[in-house]
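**Q** Here the protein sequences come in this chain order: A and B. Taking the working numbering, the leading residue of the first sequence gets 7, the next gets one more, and so forth. Taking the working numbering, the leading residue of the second sequence gets 877, the next gets one more, and so forth.
Keep in mind the hints are simulated off the structure, nothing from the lab. Every value quoted in this text rests on a predicted model; they were computed, and no experiment measured them. Every residue gets a Cβ at the ideal spot worked out from N, C-alpha and C, and that includes glycine. Heads up, a few of these hints could be off.
Partial pick of chain B residues on the chain A-facing surface, computed with a CB cut under 10 Å [stated by the list, open to error]: (1) PHE906; (2) PHE942; (3) ALA943; (4) ALA947; (5) PRO969; (6) MET972; (7) PRO1076.
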Amino acid sequence: MSELSMPRCYNRESKPHRFCPGCGHGLVLKALGMAIDELDISSRMVFACDIGCSLLAWNFFSVDSLQTHHGRTLPVVVGIKRARPELVTVAYMGDGGGYAIGLQHLVSTALRNDPVTVIVVNNTTYAMTGGQMAPTTLEGQHTKTSPGGRDIEETGAPFKGPESLIGVAPPESYLARGTVANVIRLKKMIRKGLERQLRGDFAFIEALSTCPTNWRTDAAGTWGFLEHEMGAYYQVGEMAAGREPITP
Amino acid sequence: MEFRDEERVFITGNEVVARAAQAAGAGYLFGYPITPQNEIMHHWRHIASQAGRGFLQTEDELSAGFATLGAVLTGKIAFSATAGPGTILFQEPLSMAEAMRLPLVIIVQQRGGPSTATVIYSQQEVTLTCFGGNGEGLRIVYSTSSHQELYDYTIKAFRNAWKYRFPAIVLGDGYQAKMREELILYDPSSRAGSRIPNEPIIGGEQVVHMQNAFSVEEELGEKLLIDLEDYNRAIPVLVEHEFLGGAGGRLLVVAHGIVGRAARQAVKELQARGDRVNFFRPITLRPFPEEHLVKACQQSGNAVLVAESAEGQLGRLVRLALADQVLTSFRSYYRPGLGITSEEILEEARL
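Could you build all of it, start to finish, from the sequences and the hints given here?
**A** Here you go:
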């Protein structure tokens, strides 16, 4: 990696990073790093990561960072933000932490419009624990706990995070889904998400990502699954946040 | 609402806790409703609007605990309060506080268990508060027996949690929470050694990376060794107890919390009749005042009677502390989930 392509807020001592070859985390974190640099906020940043593969990002940036518990990153950053509103907080987690064990925190934080920026990395599986079915696993997708392919009659449909928050988060908040297949657009979304926090509102970005280790795919298969199968079900773009106005 | 230096009041235990937290300089309460601690939140909510302190009613106890951790990370003195099933959920943030040496302070007003059980009273949360979580129980647990102690030890819990960087729990119960009693409120900042060293852990000049997951056993082992050394070094200054009696006794009555009041009363009556019965009340349940208990036991003919509103949760701590003593008798008066009167203890101790 050349000097020019490495964001200034990176912790160079922790590079090269420890994610698997072909993993999308490095690209999501790079998009976040570029957004932090552009806004020049690294001295005010607190980066909190969940448990799962996201925990490997604990020393990724040269900003205050901490590992929390599985699913509990969001209440930690809410506490930080309420105690010190001038800090800029990012809660970084996987789809299990965001949409399964920690979903109540996601819904409540969006409902309260807490000014924090949430990034959920969607790779359709619990990767660190060996590839179990996640809320985001696609219909028919093979995992360790859906060996015959995910049966949505039995387990429900794959969870759409940003769409689910449309009716919860207020119009001032920011909801988007990006993809590591388009890092520049993902960076723009994350930057908007940080700007929304700076303005005093909640921001949520889901990033479609890759896990060749658990998908058991080669390079072509990995990008094919991301762009075609995930892309077909999970629509990339900004969502018009806004719960229904309450009329008497 | 200006705080006067000293003020005699007649209020409920839950209000005492809120006033103590205010006096200690707490800036935030993250809480979730559960009986019998609700009025701590109600009073704090009032204090928050009057005195510019922070309050958030969270979506559950997990969120309350972890948001409190977030606030203390920034150097804010913050706390929560819970009971029963809420104390179970609080094991998760308590566990992170132990691991990352964060000064989490919670007030536990014990209710009946297991499960939902009763909403008012028991002493069944001793094991959970002392040793809950997937670790070594590196916590400070104060068991109070009066409203004055509820005030004093809530303030002390904040101070020692920040000083030693272990989570601290004030263990009360629904009887203490709901009843009114006289006590003296004071401004702790006017007293010596009262400063709470609440320096920010994050958000300062130096970049910090706080690790909570380790790759290899040896890495964790080294970290735990340091934590255990710190904890063991603090034990002699942390442990507190009450002893009533003297050498040449025939029996030691051991009880904690509100049952300690009944036991103290019973022992006083027996002593007034010339019966040489002694009384021991651990104030810190964790760390446990083991050496002091051994001495008290030896002064009491090595005969012990433990009374508690649980099936031996205090009894196990007592047995462990006295493991090397040759006891002439060990008797128990266990009433899980039930209140205990001084008459009942007097009757047991007379036998």
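**Q** Now look at each hint and say whether the structure bears it out.
**A** Cross-check of the supplied hints:
With a cut of 10 Å, the hint placing B/PHE906 at the interface with chain A holds, because the nearest CB-to-CB distance is about 7 Å. Because the smallest distance between the Cβ of B/PHE942 and any Cβ of chain A comes to about 4 Å, under 10 Å, the interface hint for this residue holds. Look at B/ALA943: its Cβ gets to within about 3 Å of chain A, closer than 10 Å, so that hint holds up. Hint status for B/ALA947: holds, given a least beta-carbon distance of 4 Å to chain A, under 10 Å.
With a cut of 10 Å, the hint placing B/PRO969 at the interface with chain A holds, because the nearest CB-to-CB distance is about 8 Å. Checking B/MET972 against chain A by beta carbon gives a least distance of about 6 Å; that is within 10 Å, so the hint holds. Contact between B/PRO1076 and chain A, as hinted, is supported at the beta carbon level, the nearest pair being about 8 Å apart and thus within 10 Å.
Taken one by one, the earlier hints all hold for this structure without exception.
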